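Using the sequences and the hints, build the whole thing.
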Amino acid sequence: MNLKLKVWRQPSQEAAGKFEIYDIESVSEDSSFLEMLDILNERLLEKGEGPVHFDHDCREGICGMCSLTIDGIPHGPERATTACQLHMRHFKDGDTITIEPWRAKPFPVVKDLVVDRTAFERIIQSGGYVSVNTGAAPDGNAIPIPKKDADFAMDAAACIGCGACVAACPNASAMLFTSAKASQLNTLPQGRPEKDRRTLAMVSTMDAEGFGNCTNYGECEAVCPKEIKLDMIAKLNRDFAVASVKNLFGKAG
Amino acid sequence: MKLDSKIPSGPIQDKWSNHKFSSKLVNPANKRKYNVIVVGSGLAGGAAAATLGELGYNVRCFCYQDSPRRAHSIAAQGGINAAKNYQNDGDSVYRLFYDTVKGGDFRAREANVHRLAEVSNSIIDQCVAQGVPFAREYGGTLDNRSFGGAQVSRTFYARGQTGQQLLLGAYSALSRQIATGQVKMYNRHEMLDVVVEDGRAVGITTRNMVTGDVESWAADAVLLATGGYSNVYFLSTNAAGCNVTAAYRAYKKGAGFANPCYTQIHPTCIPVHGDQQSKLTLMSESLRNDGRVWVPKKAEDVGKDPNSIPEEDRDYYLERKYPSFGNLAPRDISSRSAKEACDDGRGVGPKVGDQRNGVYLDFRDSINRLGKDKIAERYGNLFDMYERITAENAYERPMRIFPALHYTMGGLWVDYNLQTTIPGLFALGECNFSDHGGNRLGASALMQGLADGYFVIPYTLGNYLGNIPVGEAGKHNPDSPAFRASKEMVKAHNDRLLHIKGKRTARSFHKELGHIMWEYAGMARNAAGLQKAIGMISQLRAEFWSDVFVPGSEAELNNELERAARVADFLEFGELLCRDALDRDESCGGHFREEHQTADGEAVRDDENFCNVSVWEHKGDKEAPVKHIEPLEFDNVKLTVRSYK
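Heads up: the sequence lines are chains D and E, in that order.
Take the first sequence: its letters are residues 1 to 253, numbered as in our numbering.
Take the second sequence: its letters are residues 254 to 898, numbered as in our numbering.
Watch out, some of these pointers could steer you wrong.
[To be verified] The calculated BS3-like cross-link candidates involving lysine-lysine, where the alpha carbons are at most 30 angstroms apart (straight line), are:
id, chain 1, residue 1, chain 2, residue 2
1, E, K627, D, K4
2, E, K891, E, K785
3, E, K754, E, K728
4, E, K273, E, K286
5, E, K728, D, K6
6, E, K286, D, K4
7, E, K277, E, K574
8, E, K574, D, K147
9, D, K229, E, K625
10, E, K505, D, K47
11, E, K627, D, K18
12, D, K92, E, K604
13, D, K6, E, K604
14, E, K740, E, K754
15, E, K627, D, K148
16, E, K437, D, K105
17, D, K229, E, K627
18, E, K756, E, K255
19, D, K148, E, K625
20, E, K754, D, K4
21, E, K744, D, K47
22, D, K92, E, K259
23, E, K754, E, K259
24, E, K740, E, K506
25, D, K235, E, K505
26, D, K18, E, K756
27, E, K627, D, K147
28, E, K764, D, K47
29, E, K505, E, K754
30, D, K6, E, K756
31, E, K506, E, K898
32, D, K47, E, K756
33, D, K92, E, K437
34, E, K627, E, K557
35, E, K625, E, K255
36, E, K574, E, K625
FYI, nobody ran anything at the bench for these hints, they're computed from the structure.
Owing to the predicted nature of the structure, the values given are computational and were not obtained by experimental measurement.
Given below as structure tokens:
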């Protein structure tokens, strides 16, 4: 298939960016979206031009590194699919495709389509863990966990930290990401001793990093490649309310 | 190069306990005086950095991705083994040890494997405590599944995302240490050299991938946890960024490289679709618990709708050839059987080149027996992934699968302490060679990565550091001549790549190398082919250095410079792999030499001459590498012909 690509080019964080138009021919419909960009880059290099920079690694939808907004939608038009797992058969011959980086203030552009997502790291560092040193663990079966709790924790833990939720949100809110990690740990007995502390710390870091508030647009859920549900945000709001009240009385765990 | 494996004395069950007791300790107040560098943030590196931080060492951890959470361990799907025997089905530490030694085709070091089996149970406990959401039974206890090469159910899993969940567990522990300042994390940094001073590893040189700054970092010990080298084949299931550079540059600085020819071809990957493909995708081996592998009996049926082919015209070849293990035969055996069927003209799916390279993995019988919902619960995400890539529905039509490069058992040679032949340089996880011999069993990579990181290196590193006087700790100077020379070498190498200004892209060289490797050093190898490959690679390398085109400059984010530097190392390493494959004149595990097989195509080992580890020493760019031998002794598991019939 033959396509017209409108690609965001920006040499560095400080420089101004703009769209460039590229024509690309004979792309196999079995190719993935990133393979299509590989082909574009090979052709640019053959002409002695600089390739389009984009983040990618595992190319099987699990590492969370790829971060392309395709025709205005983070990760593109297919539901529950990362850009690396999006295949060209979902486009038509002759289409014009617009490719941009994540657009969100806490994710500055590094170059072209590459953004800096280290704000997510700091949210996890503020409380996205259970404080247990290596070697301090009891037997794995010592605490039975109801299957439904384990399953719910797994639903939450499926988050790949790609940041599509932030890119899709008109407020650039990171609530879906933050709530997924907090809900996983707050649900499991192993994470409960630090539940209040964790919730308060992660929410305050999220605010300090400049992510906006959640006003229930639901765009995050719609674009999430791992189908993390808004229920996680509801749970975080509940956990946050409880922790805040307990904190008021000096009783937060 | 002297190889001293430092295997502790005593009965196999007591070696690790005795060794831990006789190891030196660093007193808690002194630990903060020692600096440790960890390169890589996957299961081995992430677990090591977190644990060493908890112990109080000053740790610097480096990764090339934008976050330590993205390391390729994340892509492991199926599970992690442990000898818990929660299923009451006859498992034990000794049986896990035995299965792993046998599965490795008697080319692993017994003492290391036993230690791995011993610590396996602690790994599960640790991960549960971190909040890893393993699959559970209704009673709230942990669930298990079975995997290839074992007749017990000892594999713990978190849906089809076990690697992700274990890595996120290690990442959370690492994040906690980063928050305390005990670990300093350097994302988007690529290690390009090991600094050696007075015969010891004392630091590394990195390139900041965003600014292009080349910097050196000093430490009392350097840990490499930089993964495997499957991408030397261009197409593999590894992440696009996985590379051999860190391990290979350590080799060039004097670390011995062991058994580079031991590569694992995973039997259940999605077949190649065409020449625009950039990577292959694995379908978890756990699918073989419920899927039956077959091809048509008759070559004329290969183009037919598989559902229209009656039972009597299907060849369930694994069940036929290996009745006691059936579809769960080990990976090397399953892969070769698939290749045989396709070479026999009975492969299915589209023709790529002149052959159909695919076999069916059919869930029809399991869906009839258990219902579609049960299958969806077990493998739903894998079926979805398959459909996204192939546009076919595996609930209604058998999956098509074919073997692909997946894991590399070879790696930097390490002694029992995980120390390479350079004192102070350690190698953990897939980047070392020690535990899997000629073939790795399913669900054992996650086990080894975490074992090395959480439970082995914290002890063995303490022993090394304990021998450095406290007064000398943390004293290496990153401005000393060794560091300056390392920085200059890295800069000159990158500069050279940028100034060739040729006509071909680094990717085109990588692809061509991959074709050579797959053709001559893939699933089946022979002497003539390997010799030919060595010549072709050397020619390709010469062409690379005169005709590669790398745009841009050093001082910016420059993907092509990164790629070219990695491809340059693959172009040297590929030759080393072929040399090793040529030298190892026997078939064992994933290394199948066509000259050494039985009449019905089974691998024939040569224990007389090759019951050993081949360790290669770099002798300079113009000289051939020299081979050294570590003999392997089997005191506990009797050397037998590996049979899964």
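Results of checking the hints against the structure:
{"no.": "1", "hint": "E:K627 - D:K4", "in the structure": "44 angstroms, violated"}
{"no.": "2", "hint": "E:K891 - E:K785", "in the structure": "37 angstroms, violated"}
{"no.": "3", "hint": "E:K754 - E:K728", "in the structure": "42 angstroms, violated"}
{"no.": "4", "hint": "E:K273 - E:K286", "in the structure": "22 angstroms, holds"}
{"no.": "5", "hint": "E:K728 - D:K6", "in the structure": "53 angstroms, violated"}
{"no.": "6", "hint": "E:K286 - D:K4", "in the structure": "58 angstroms, violated"}
{"no.": "7", "hint": "E:K277 - E:K574", "in the structure": "51 angstroms, violated"}
{"no.": "8", "hint": "E:K574 - D:K147", "in the structure": "39 angstroms, violated"}
{"no.": "9", "hint": "D:K229 - E:K625", "in the structure": "24 angstroms, holds"}
{"no.": "10", "hint": "E:K505 - D:K47", "in the structure": "35 angstroms, violated"}
{"no.": "11", "hint": "E:K627 - D:K18", "in the structure": "50 angstroms, violated"}
{"no.": "12", "hint": "D:K92 - E:K604", "in the structure": "24 angstroms, holds"}
{"no.": "13", "hint": "D:K6 - E:K604", "in the structure": "34 angstroms, violated"}
{"no.": "14", "hint": "E:K740 - E:K754", "in the structure": "23 angstroms, holds"}
{"no.": "15", "hint": "E:K627 - D:K148", "in the structure": "16 angstroms, holds"}
{"no.": "16", "hint": "E:K437 - D:K105", "in the structure": "25 angstroms, holds"}
{"no.": "17", "hint": "D:K229 - E:K627", "in the structure": "23 angstroms, holds"}
{"no.": "18", "hint": "E:K756 - E:K255", "in the structure": "44 angstroms, violated"}
{"no.": "19", "hint": "D:K148 - E:K625", "in the structure": "20 angstroms, holds"}
{"no.": "20", "hint": "E:K754 - D:K4", "in the structure": "29 angstroms, holds"}
{"no.": "21", "hint": "E:K744 - D:K47", "in the structure": "26 angstroms, holds"}
{"no.": "22", "hint": "D:K92 - E:K259", "in the structure": "62 angstroms, violated"}
{"no.": "23", "hint": "E:K754 - E:K259", "in the structure": "49 angstroms, violated"}
{"no.": "24", "hint": "E:K740 - E:K506", "in the structure": "14 angstroms, holds"}
{"no.": "25", "hint": "D:K235 - E:K505", "in the structure": "53 angstroms, violated"}
{"no.": "26", "hint": "D:K18 - E:K756", "in the structure": "28 angstroms, holds"}
{"no.": "27", "hint": "E:K627 - D:K147", "in the structure": "15 angstroms, holds"}
{"no.": "28", "hint": "E:K764 - D:K47", "in the structure": "19 angstroms, holds"}
{"no.": "29", "hint": "E:K505 - E:K754", "in the structure": "26 angstroms, holds"}
{"no.": "30", "hint": "D:K6 - E:K756", "in the structure": "26 angstroms, holds"}
{"no.": "31", "hint": "E:K506 - E:K898", "in the structure": "45 angstroms, violated"}
{"no.": "32", "hint": "D:K47 - E:K756", "in the structure": "9 angstroms, holds"}
{"no.": "33", "hint": "D:K92 - E:K437", "in the structure": "47 angstroms, violated"}
{"no.": "34", "hint": "E:K627 - E:K557", "in the structure": "29 angstroms, holds"}
{"no.": "35", "hint": "E:K625 - E:K255", "in the structure": "58 angstroms, violated"}
{"no.": "36", "hint": "E:K574 - E:K625", "in the structure": "29 angstroms, holds"}
In summary, the structure is inconsistent with hints 1, 2, 3, 5, 6, 7, 8, 10, 11, 13, 18, 22, 23, 25, 31, 33 and 35 from the numbered list given earlier, while agreeing with the others.
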